[in-house]
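Novice: Just so you know, the protein sequences line up as chains A and B, in that order.
Take the first sequence: its position 75, counting from 1, is numbered 75 in the working numbering, and each next residue is one higher.
Heads up: take any position in the second sequence, counting from 1, add 113, and you land on the working numbering.
Incorrect hints may appear among the rest.
[Claimed, not checked] In the BS3-like style, the derived pairs of lysine-lysine whose C-alpha atoms are separated by at most 27 angstroms in a straight line are: (1) A/Lys3 with A/Lys71; (2) A/Lys59 with A/Lys17; (3) A/Lys3 with B/Lys170; (4) B/Lys131 with B/Lys166; (5) B/Lys170 with B/Lys126; (6) A/Lys59 with B/Lys126; (7) B/Lys116 with B/Lys170; (8) A/Lys3 with B/Lys168; (9) B/Lys184 with B/Lys166.
In short, the hints are calculated from the structure, not lab data.
Listed here are the chains, written in short residue letters.
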Amino acid sequence: SQKIEQNSEALNIQEGKTATLTCNYTNYSPAYLQWYRQDPGRGPVFLLLIRENEKEKRKERLKVTFDTTLKQSLFHITASQPADSATYLCAFMTTDSWGKLQFGAGTQVVVTP
Amino acid sequence: DVKVTQSSRYLVKRTGEKVFLECVQDMDHENMFWYRQDPGLGLRLIYFSYDVKMKEKGDIPEGYSVSREKKERFSLILESASTNQTSMYLCASSSDGRSTDTQYFGPGTRLTVL
Numbered sequence: 001s002q003k004i005e006q007n008s009e010a011l012n013i014q015e016g017k018t019a020t021l022t023c024n025y026t027n028y029s030p031a032y033l034q035w036y037r038q039d040p041g042r043g044p045v046f047l048l049l050i051r052e053n054e055k056e057k058r059k060e061r062l063k064v065t066f067d068t069t070l071k072q073s074l075f076h077i078t079a080s081q082p083a084d085s086a087t088y089l090c091a092f093m094t095t096d097s098w099g100k101l102q103f104g105a106g107t108q109v110v111v112t113p
Numbered sequence: 114d115v116k117v118t119q120s121s122r123y124l125v126k127r128t129g130e131k132v133f134l135e136c137v138q139d140m141d142h143e144n145m146f147w148y149r150q151d152p153g154l155g156l157r158l159i160y161f162s163y164d165v166k167m168k169e170k171g172d173i174p175e176g177y178s179v180s181r182e183k184k185e186r187f188s189l190i191l192e193s194a195s196t197n198q199t200s201m202y203l204c205a206s207s208s209d210g211r212s213t214d215t216q217y218f219g220p221g222t223r224l225t226v227l
C-alpha cells in the first residue's frame, strides 16, 4: 500500500543551526511534492513545491530536495529561529490523483534560543 | 489573500446527534476538501468537491456526507455522530486542481463527541 513517512519524534535544535527533516515514501510515483507548516490549533500553510524533475528548490532560509531514486524528500531550515518552531508536513500529488494531496503525519520542530 | 473560514473553532456534541460543519472560501476556488487530523495519522481526506453539486469520496468517507450548493461553501455532515469521530476537522480549497496547485486551509474545527 502507499505510504508516506515522516519522523514522528520531535526535532529539537538550537537557534542558528540547520534543521533537516525527512519525508520518505513507498509505492508512490509522485509528480509533485509540497511542504506545509502547521502551528498548534491552526490549519497548515503552504511553504514550497518541488516537481519530480527538480532536484532542489529554495525559498529564503528554506530548501527542499527531491530524490526519486531514494524515494525521499529533505526539508532544510537554515539559520533556524525560535519562530520556526512548528510542525512541518510533506504532501504528495500523483498524476492520477488530480488535485488530491496525500499527507505525511508531520514532524515537530522546536528551536531553542 | 485567500481566506477559508470554518463555522466553529470548537464543538461538543453528543453521540447520535447530527452535526454540520461549514466551510466558506472567498477566492472563487473550484476545489474544496474536508480532512480530519488525528495525532500520528496526519491529514486524511474525507470528501472533496471540484464543482458545485459535485462530490467525490476521499480515503475515509464512511459516516460522513457533504453538500456543495454554492461555489464558496462546502459543508460536512455527520448524520449520527459517534465518539470515534472526535477529531480536528480541516477544510481546504484550491483553484483548479492542477498538479501544482496548493491548498489553502481554514483554522480547523475541533469536534468532541461525548
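Novice: Each hint should be assessed against the structure and marked as holding or not.
Specialist: Evaluation of the provided hints:
1. Pair hint A/Lys3 plus A/Lys71 holds up; C-alpha atoms about 11 angstroms apart against a cutoff of 27 angstroms.
2. Of the supplied pair hints, the one linking A/Lys59 and A/Lys17 holds, its CA atoms being roughly 17 angstroms apart against a limit of 27 angstroms.
3. A hinted pair counts as satisfied when its Cα atoms are at most 27 angstroms apart, and A/Lys3 with B/Lys170 qualifies at roughly 19 angstroms.
4. Proposed proximity of B/Lys131 and B/Lys166 is supported: the alpha carbons are some 21 angstroms apart, at most 27 angstroms.
5. For the proposed pair B/Lys170 and B/Lys126, the alpha carbon gap of about 24 angstroms is at most 27 angstroms, so the pair holds.
6. For the hint linking A/Lys59 to B/Lys126, the alpha-carbon distance of about 43 angstroms lies beyond 27 angstroms, and the restraint is violated.
7. Between B/Lys116 and B/Lys170 the CA atoms are separated by roughly 24 angstroms; this keeps the pair inside 27 angstroms, and the hint holds.
8. Among the hinted pairs, A/Lys3 with B/Lys168 is consistent with the structure: their alpha-carbon atoms are about 25 angstroms apart, no more than 27 angstroms.
9. With a C-alpha separation of about 9 angstroms, the suggested pair B/Lys184 and B/Lys166 falls inside the 27 angstroms cut-off, and the hint holds.
Hint compliance for this structure: hint 6 alone is broken.
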